[in-house]
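All the letters of the sequence shown, read from the start, carry residue numbers 1374 to 1591 under the numbering used here.
Be a bit skeptical, because a hint or two may be false.
What follows is a list of derived Cβ distance ranges for each label pair [as the list claims (entries may be wrong)]:
1) 1448 - 1375: 17 to 27 Å
2) 1397 - 1563: 29 to 39 Å
3) 1564 - 1446: 16 to 26 Å
4) 1553 - 1433: 41 to 51 Å
5) 1445 - 1396: 27 to 37 Å
6) 1523 - 1420: 32 to 42 Å
7) 1434 - 1529: 36 to 46 Å
FYI, nobody ran anything at the bench for these hints, they're computed from the structure.
Built from N, CA and C at the ideal position, the CB exists for glycine as well.
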Amino acid sequence: MNIRVLLVDDQPLIRAGLRVLMADVPDIDVVGEAGTGAEAVRLAREVAPDVVLMDLRMPGTDGIAATREITAGGGPTRVLVLTTFDDDAHVHAALRAGASGFLVKDMALEEILGAVRVVAAGDGLIAPGVTRRLIAEFARRPDPTPRPRHLTGVTERERQVLTLVGLGLSNAEIAERLVISPATAKAHVARLFTKLNARDRVHLVIAAYEAGLVTPTP
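Could you put together the complete structure from these sequences and hints?
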């Protein structure tokens, strides 16, 4: 089945451009557009998209608040932020709100489409460099509602896997590091999603930092 995408941006020209560019992509269907955060929340509930491509700066309910409402119910819809604002504060706020990824509008279309596919598949956007730095800084910041640092119910092997996820390793790299099969590594990651109530890999990385398994880079 094709990936169902909801476009959210307060600029009609940007929405129209994305819709036209995605029209010829065989595995992606644009199922709706929204110009405000409130409209995005309403449409997300009505059309149940796989991915919401979300702008941040919008009148009324902004993208952060809309992301929080869309992801609060724990449903299958995932939010992928697409914005011109790539400073640390916006990234942290988006991830705290439940976003599964963070993109900037000057990225190539193929990179955006690839990100949509990654997020729709249940993964998050984790890469060395800037993203790891931002998540590391995010983990050091105070949270008004912090999650417990105790990894209740997590086995020693799962702690090892979570540590490697926190370092940005893929399942294949984790398998190689721990001398296990890729299928076993994938199974451990899947169990961590359930035990830590994590939506995707981005939030497993955050959990690894918050649990003290990975030391933030200075």
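### Distance restraint hint 16 to 26 Å, applied to the beta-carbon atoms of residue 1564 and residue 1446
23 Å, holds
### Task
Using the Cβ atoms, figure out if residue 1434 sits within 36 to 46 Å of residue 1529.
44 Å, holds
### Query
residue 1553 and residue 1433, beta-carbon distance inside 41 to 51 Å?
49 Å, holds
### Query
When you take the CB atoms of residue 1445 and residue 1396, is the distance between them in 27 to 37 Å?
Distance hint for residue 1445, residue 1396 holds at roughly 31 Å.
### Task
With 17 to 27 Å as the target window, see if residue 1448 and residue 1375 comply at their CB atoms.
Roughly 19 Å apart at Cβ, these two residues keep to the hinted range, so it holds.
### Task
Look at the Cβ atoms of residue 1523 and residue 1420 and judge whether their distance stays inside 32 to 42 Å.
About 39 Å separates the Cβ atoms of residue 1523 and residue 1420, which means 32 to 42 Å holds.
### Task
Return holds or violated for the Cβ distance of residue 1397 and residue 1563 against the range 29 to 39 Å.
Between residue 1397 and residue 1563, where Cβ atoms are some 34 Å apart, the hint holds.
Every hint from the earlier list agrees with this structure, and none is contradicted.
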